[in-house]
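**Q** So the chains spell out like this:
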Amino acid sequence: MAQARFNEVLTLDREVPEYKSKDFASDQDVRWCPGCGDYTILKQVQNAMPELGIPREQIAFISGIGCSSRFPYYMDTFGMHSIHGRAPAIASGLKVTRPELNVWVITGDGDSLSIGGNHFIHVMRRNLDLNILLFNNEIYGLTKGQYSPTTKEGFVSKSTPMGSVDHPFNPLAVALGADATFVSRAMDRDPKHLNSIILRANQHKGTSLVEIYQNCVVFNDGVFEAYTDKATRPREALYVEHGKPLVFGENDSKGIRLNGLKPEIVDLGEGGVSLDDLWIHDEKDLTKATILARFFDRPSEHVHFPRAFGVLYCVDRPCYEDGVNAQVAHAVSKKSKTLDDLLTGDETWVIK
Amino acid sequence: MRLQSQPMSEVTIRFAGDSGDGMQLTGSQFTNTTALMGNDLSTFPDFPAEIRAPAGTVAGVSAFQIHFGSNPIFTPGDEADVLVAMNAAALKANLTNLKNGGLIIANTAGFDKKNLSLAKYDVNPLEDNSLAGHQVIKFDVSKLTSESLKESGLTPKDIDRAKNMFVLGVLYWLYSRPLEPSVQFIEKKFGKKAPEIAAANIKVLNDGYTFGEATEIFTSRFEVKQASIEAGTYRNITGNEATVLGLVAAAEKSGIPLFYGSYPITPASDILHGLAKHKQFNVRTFQAEDEIAAIATTIGAAFGGSLAVTGSSGPGIALKGEAIGLAIMLELPLVVVNVQRGGPSTGLPTKTEQSDLMQAVYGRNGEAPMVVVAAKSPADCFDTAYEACRIALEHMIPVMFLSDGYLGNGSEPWLFPKEADLQSITAKYEPSREEDAEPFKPYRRDAKLARPWAIPGTKGLEHRIGGIEKQNETGNISYDPANHEFMVKLRAEKRDRVADYIPMQDIDNGKDHGKLLFLTWGSTYGSVKTAVHEARLEGYDVSHAHLRYLSPFPKNLEYILKGFDKVVIPELNNGQLVKMIRDQFLIPAEGFNKIKGMPFTVSEVKQKIYELLNK
Ligand code: SF4
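Protein sequences, first through last, are from chains A and B. Read in numbering that gives the first Met the number 0, the first sequence has 116 at position 117, and its numbers run on one by one without any break. Read in numbering that gives the first Met the number 0, the second sequence has 565 at position 566, and its numbers run on one by one without any break.
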């Protein structure tokens, strides 16, 4: 009966129109600071949308609070700009009750890792089939420049005039710790790669986390310059691809080799190390993904490692909403009671 | 000797023992049998706050009170006529709940040296004449039970567990109740899994009954005739169960699927447990990671087109405050259930209070009006939960439904309705639109000021909503000062307009004008109803009106209040409704307050009536 009410209005089976990326732009003026990394991310999401093959009205963007969370207003889909940190929980409620929808969470480093940390880990643990785009700019932008839970120690901000003494989160390590099934990293300044990761995240069934390094030109300009600057990127950014060796550096001259569980940087070609000796990226290997997510932030190791971009980890695990809906469908199919039976209960008596 | 049964019009029995003594089961069995006999009744369990407090201590005492009669019954009874004390601690903790001259049925095995010392008695109260004002009947329940089961082959532990059935048998004899319903219950509960336990319990129950009959320790036996209450088919129900059924019924009747997001909290968790069992009615329950996620998932479900409900108690409602504000801005239908308990902070988790009314009406940042309704009795939780859903769905507005620990755990007979008799709920989703149609306006409004429910998956309804102040109709972000003032007033007007769609306030008992009106809300209903009824029989000119709708108030409330010289508002708090009434109607309403984690007794209310009218 209840399902019938949805069917009164839903148009789920309609033909998917031939969309262009501009069909996903709403009529609202975009209001980020000029030069903000959010613009490219918006563009790449809009570019990716026509390729999903889903009618616009079946897509929902849910955000929290912060600069990035203005995002849903700019997408011509269903959208909700909610409250600080709660987007993963709101999206969970939507997805459990409407599993056929395509649901996206837009969040920032403060939104997802500080005030919303609890929902962030629990949505990944439950593995609801939705995509989380985490715009990490290592700063609170909207509140004008306080350090965030991803800001590096020592950083001088409005709230840390003598430098931050607070140890930062590594978002991908948090995600792996929460048993996320899709863990990836991209950056605003490499739009093509970003686009491909967005599409892969959407393909994955389960919670897909995309951490996106996003430059805040006003309060934290250049914090990711080592990876975004064309001159330094080759030696600082390590693009990983499933089944391919870990290679980086000018002219792909360097590689990563695993010595037991210890990663090492090696020179390729001269000196004898060949591609065959390198660590071959395996998205399904949790141990390797954990090393990959963490190896840049081990202060005890004196070697300077590049930072990994791409899909670090991707495995299949049942989705929470499928479990819930299977139980409900089973119970409905075995339905043995009417509402009157339920109201009557097991024991009654008659007063005459 | 066969005793002649003496008729009685009403009786209150309090079963008390250690948490492990099975007093809740004993009480609920006595309740079911009593209900099946056609008495009117009301019950209230009194649990310890700790799950496993040390056995034998006062902290570990669990009690269950039932008030039943051939008269209409509205409260679980002020003071008990009979106190069953399974051990010394149970006596110590509950003696103040017993009437002067009341009957104590004591298990002497629970008054041995160890139990006396755990209960901190220096001398055995059964022997030092300190109970002289009461009648005491004592026997060794443990010994009698093991006698009864000496050939059963059960372990001493299992035998000891059956002793509550002995007491139940004795009380069935004492109040002339049949054993059959409990025999059936035991067979159903243990019959398949453990037939030897079933047989043992049934034997002990019978032997308890026979013990009452055969020994001469009781000098009288009683009979309570069927009550003269409205004819029809009844069942027994607790407030939390009734809430569950009210929500499921609203979902079925409206055709909108039910979603319940919740985080475990006393005394609201039974609603989560209850709904989790009703998946066949297309109910989805979500045990969230915290109170905020519980309401956030609910908002997501409402956005998706579900009848979305979250439930908690005061501390959880405090955590949900910001999200309720979001739901008010989004203008989505949402029901928030608050099974109130003693506060502030963790307060008194297992005790009752009505101290979250201000929180419900005003407790959010900014001016965030929501509808507030409250149930008056366990069975009324059904109607009020149903009404909360109706208002939420038809007005596209969040509604707070206030229950409390006393209602949630208390039970009473319920003349349950048929689906066909339930008021219809006319909720509708916005239909799809063609590409070339006018742009969709998510905040366009109807006569109720409700906006359309436009759910994802409907062609042409793509729109964005959020917590930022918005323009009316388009829903676009607006920081325009005049628009903000307009929208704040519009949201208040939308809430106030609900008053056009609810019943007028009536007088529960008495004239519609006069010297004195008692105005109640929530669970104080039962004791005030009984007190006013009795006082009127004694010739006092006092009236009683009870509010289900607390925000907005019924439109004629002012007219009613102004018909009385004095309006008194009894509340289990430090004065909350009284402030709202004074504020809104500028009348010198007086508070009458109790803040002890316990309901008003009838005699407390009557005392107040005498005090006010005998001046
Ligand atoms: S403050 Fe920083 S993050 Fe926010 S819009 Fe401006 S540049 Fe972007």
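It is possible that part of the hints are untrue.
To be verified - Cross-link-like lysine-lysine pairs, in silico, PhoX-like; alpha carbons within 20 Å at most:
(1) A:Lys336 <-> B:Lys252
(2) A:Lys19 <-> B:Lys458
(3) B:Lys202 <-> B:Lys187
(4) B:Lys595 <-> B:Lys565
(5) B:Lys119 <-> B:Lys91
(6) B:Lys447 <-> A:Lys336
(7) B:Lys350 <-> B:Lys595
(8) B:Lys554 <-> B:Lys510
(9) B:Lys417 <-> A:Lys336
(10) B:Lys252 <-> A:Lys334
(11) B:Lys202 <-> B:Lys188
(12) A:Lys351 <-> B:Lys119
(13) B:Lys427 <-> B:Lys458
(14) A:Lys21 <-> A:Lys191
(15) B:Lys440 <-> B:Lys427
(16) B:Lys350 <-> A:Lys334
(17) B:Lys278 <-> A:Lys333
(18) A:Lys261 <-> A:Lys283
(19) A:Lys243 <-> A:Lys261
(20) B:Lys91 <-> B:Lys350
(21) B:Lys447 <-> B:Lys427
(22) A:Lys351 <-> B:Lys417
(23) A:Lys204 <-> A:Lys42
(24) A:Lys243 <-> A:Lys283
(25) B:Lys113 <-> B:Lys149
(26) B:Lys488 <-> B:Lys554
(27) B:Lys142 <-> A:Lys336
(28) A:Lys334 <-> B:Lys417
(29) B:Lys91 <-> B:Lys156
(30) B:Lys91 <-> B:Lys137
(31) A:Lys334 <-> B:Lys278
(32) B:Lys458 <-> B:Lys510
(33) A:Lys21 <-> B:Lys458
(34) A:Lys333 <-> B:Lys137
(35) B:Lys187 <-> B:Lys149
Claimed, not checked - Between beta-carbon pairs, the in silico distance windows are:
(36) B:Lys447 <-> A:Phe295: 19 to 25 Å
(37) A:Asp321 <-> B:Gly562: 35 to 41 Å
(38) A:Lys157 <-> B:Ile467: 20 to 26 Å
(39) B:Thr345 <-> A:Ala24: 47 to 53 Å
(40) A:Ala24 <-> B:Glu437: 15 to 21 Å
For the record, the hints were derived by calculation from the structure and aren't laboratory data. Every value quoted in this text rests on a predicted model; they were computed, and no experiment measured them. Backbone N, C-alpha and C fix where the C-beta goes; we use that ideal spot for every residue, glycine too.
**Q** Hints first: check each against the structure and report whether it holds.
**A** Now for the hints, and whether the structure bears them out:
no. : hint                              : in the structure
1   : A:Lys336 <-> B:Lys252             : holds (15 Å)
2   : A:Lys19 <-> B:Lys458              : holds (17 Å)
3   : B:Lys202 <-> B:Lys187             : holds (15 Å)
4   : B:Lys595 <-> B:Lys565             : violated (25 Å)
5   : B:Lys119 <-> B:Lys91              : holds (9 Å)
6   : B:Lys447 <-> A:Lys336             : violated (35 Å)
7   : B:Lys350 <-> B:Lys595             : holds (8 Å)
8   : B:Lys554 <-> B:Lys510             : holds (19 Å)
9   : B:Lys417 <-> A:Lys336             : holds (14 Å)
10  : B:Lys252 <-> A:Lys334             : holds (17 Å)
11  : B:Lys202 <-> B:Lys188             : holds (15 Å)
12  : A:Lys351 <-> B:Lys119             : violated (50 Å)
13  : B:Lys427 <-> B:Lys458             : holds (16 Å)
14  : A:Lys21 <-> A:Lys191              : holds (18 Å)
15  : B:Lys440 <-> B:Lys427             : holds (16 Å)
16  : B:Lys350 <-> A:Lys334             : violated (38 Å)
17  : B:Lys278 <-> A:Lys333             : holds (10 Å)
18  : A:Lys261 <-> A:Lys283             : holds (19 Å)
19  : A:Lys243 <-> A:Lys261             : holds (19 Å)
20  : B:Lys91 <-> B:Lys350              : holds (19 Å)
21  : B:Lys447 <-> B:Lys427             : holds (14 Å)
22  : A:Lys351 <-> B:Lys417             : holds (18 Å)
23  : A:Lys204 <-> A:Lys42              : violated (24 Å)
24  : A:Lys243 <-> A:Lys283             : holds (13 Å)
25  : B:Lys113 <-> B:Lys149             : violated (25 Å)
26  : B:Lys488 <-> B:Lys554             : holds (19 Å)
27  : B:Lys142 <-> A:Lys336             : violated (45 Å)
28  : A:Lys334 <-> B:Lys417             : holds (19 Å)
29  : B:Lys91 <-> B:Lys156              : violated (25 Å)
30  : B:Lys91 <-> B:Lys137              : holds (16 Å)
31  : A:Lys334 <-> B:Lys278             : holds (9 Å)
32  : B:Lys458 <-> B:Lys510             : violated (57 Å)
33  : A:Lys21 <-> B:Lys458              : holds (18 Å)
34  : A:Lys333 <-> B:Lys137             : violated (52 Å)
35  : B:Lys187 <-> B:Lys149             : violated (24 Å)
36  : B:Lys447 <-> A:Phe295: 19 to 25 Å : violated (57 Å)
37  : A:Asp321 <-> B:Gly562: 35 to 41 Å : violated (60 Å)
38  : A:Lys157 <-> B:Ile467: 20 to 26 Å : holds (24 Å)
39  : B:Thr345 <-> A:Ala24: 47 to 53 Å  : holds (50 Å)
40  : A:Ala24 <-> B:Glu437: 15 to 21 Å  : holds (19 Å)
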